[in-house]
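Enquirer: Here are the chains, one letter per residue:
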Amino acid sequence: MTNREIGREPETIISASVKLEGDFVSQGNVLIEGEVVGSLKTEKDLRVGERARISADVTAASAIVAGEVRGNIDISDRLELEPTAKVFGDIRTADLVIASGAVVCGKITMGSEATSTAKAGKVGRKAAGKNEFSVDLDEDSSSVEASADRLIEGDSVDQEETNKKTVNAFFTK
Amino acid sequence: MYFYIYDSFLTLKKYARTLAEVETRLTDLGISGKIGRLSPFTSAKGLIRDEMRRGTQTVVAVGNDETVSKIVESIGGEMITLGMIPVGAPTCIAESLGIPYGEAACDVLSKRVTQRIDLGRVNGRFFLSSLRIPGGRVTIVGGDGKYRITTPADDCEIVVSNLRSGEMLGVDHETANVPGNPMDGLLDALIMPRMTSLLGRRRPLGSSSVITLKRLDISSDEPIDAIADGYHFVQEHLEIDVVPDCLKVITGRERVFAR
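Residue numbers (the numbering used here), protein chains in the order written: chain A, 1 to 173; chain B, 1 to 259.
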């Protein structure tokens, strides 16, 4: 993966074979190709390369993940999981794209107000005028494998009776 | 009032003609001034201190990157403007500041377009361009101790850069696209893999890491060999930070920042 592939210029690059431990905070675009342990926070865009291994809670404005993330992901704008992505943790994002082949093990909370409602302790609120969902999976089998032959349909549940919602997976491939 | 500091190597005969042309041009432009010469017994610090007492406001380094380094180390934080006339080699710092070689630099001096730029500081010593650690396994602590970065092995070079250009890093190294901006109040720490020769073509063993920060500590189990703007030293622990807007410098139109 080169600098040009992430669209905008990364200000921070952690290349393969470099290990970062601790709480890393950046105000610019971040490209991770190596290993990160701790927490990772950026006010702009994050790209996690195919060979990257992150054991950290991740916060960013938007993110494209092609590697492995073990930790919760909190994205205020758009999260894209590429075919090689593996996420073991909860995802909270306004907009989600999961490519065929990506693996997610955890709870997915979506919607433009997801981050703000989650902070207020209200997960899964349905916003008016737009399809927004949250996912509550069984703890024992909390895994979503997005593959071409296994389509996960969104179960529409009455909003007034319960806040438990459905999966909404978008397949780009 | 200009004070010109000539490096000691300029006494070599091969530079005589270039220096004569420079001095003639400076006279034509009306910006000639007093000349001080560095020698094993005359330090830049001593020369500049004496001239500051006499009211000198502009010091011009005549020589290469090492000459600039000696002067920056002396005037960092002072209310003095730095100019350069590149003679000899290497002159990467002057190139990054948009100052042409030899006589042509006199015209840039006379236009006197100045920028206030940051300086890096390692263990109390100022550097303008970069600090290099050619090899060795080190640990970088950044973010005021909140995180640390471990380099892979001995086969990588670490460069902490304030002002950088492709020539300084080597053309084969692919790093962040934007050249180091000495006006952003940040340093760029680059962890660059060593170059390898494969089928006669030099290429890096892997991609480079770039981290921008204001302050970092570098430590190692062994003493660290480091080079700050061409000045070589060995320390067990390096405390590096950026001093924003620390130096007023005369720049040319071809500078790599703030165009």
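Since the hints were derived computationally from the structure, they do not count as laboratory data. What you are looking at is a predicted structure, and each value in this text was computed from that prediction instead of being measured. Check before you lean on any hint, since a few could be wrong.
Unchecked claim - So, partial list: chain A residues that the calculated Cβ filter (under 8 Å) puts toward chain B:
1. S17
2. K19
3. E33
4. S55
5. V103
Stated by the list, open to error - List time: in silico SDA-like cross-link candidates among lysine to any residue, alpha-carbon distance up to 20 Å:
6. B:K146 - A:G71
7. A:K19 - A:A94
8. A:K44 - B:D221
All residues carry an ideal CB built from backbone N, CA and C; glycine is no exception.
Enquirer: Work down the list of hints and note, for each, if the structure agrees.
Expert: Hint check results:
{"no.": "1", "hint": "S17", "result": "holds, 4 Å"}
{"no.": "2", "hint": "K19", "result": "holds, 5 Å"}
{"no.": "3", "hint": "E33", "result": "holds, 7 Å"}
{"no.": "4", "hint": "S55", "result": "violated, 13 Å"}
{"no.": "5", "hint": "V103", "result": "violated, 26 Å"}
{"no.": "6", "hint": "B:K146 - A:G71", "result": "holds, 19 Å"}
{"no.": "7", "hint": "A:K19 - A:A94", "result": "violated, 30 Å"}
{"no.": "8", "hint": "A:K44 - B:D221", "result": "violated, 36 Å"}
When each numbered hint is compared with the structure, violations occur for hints 4, 5, 7, 8.
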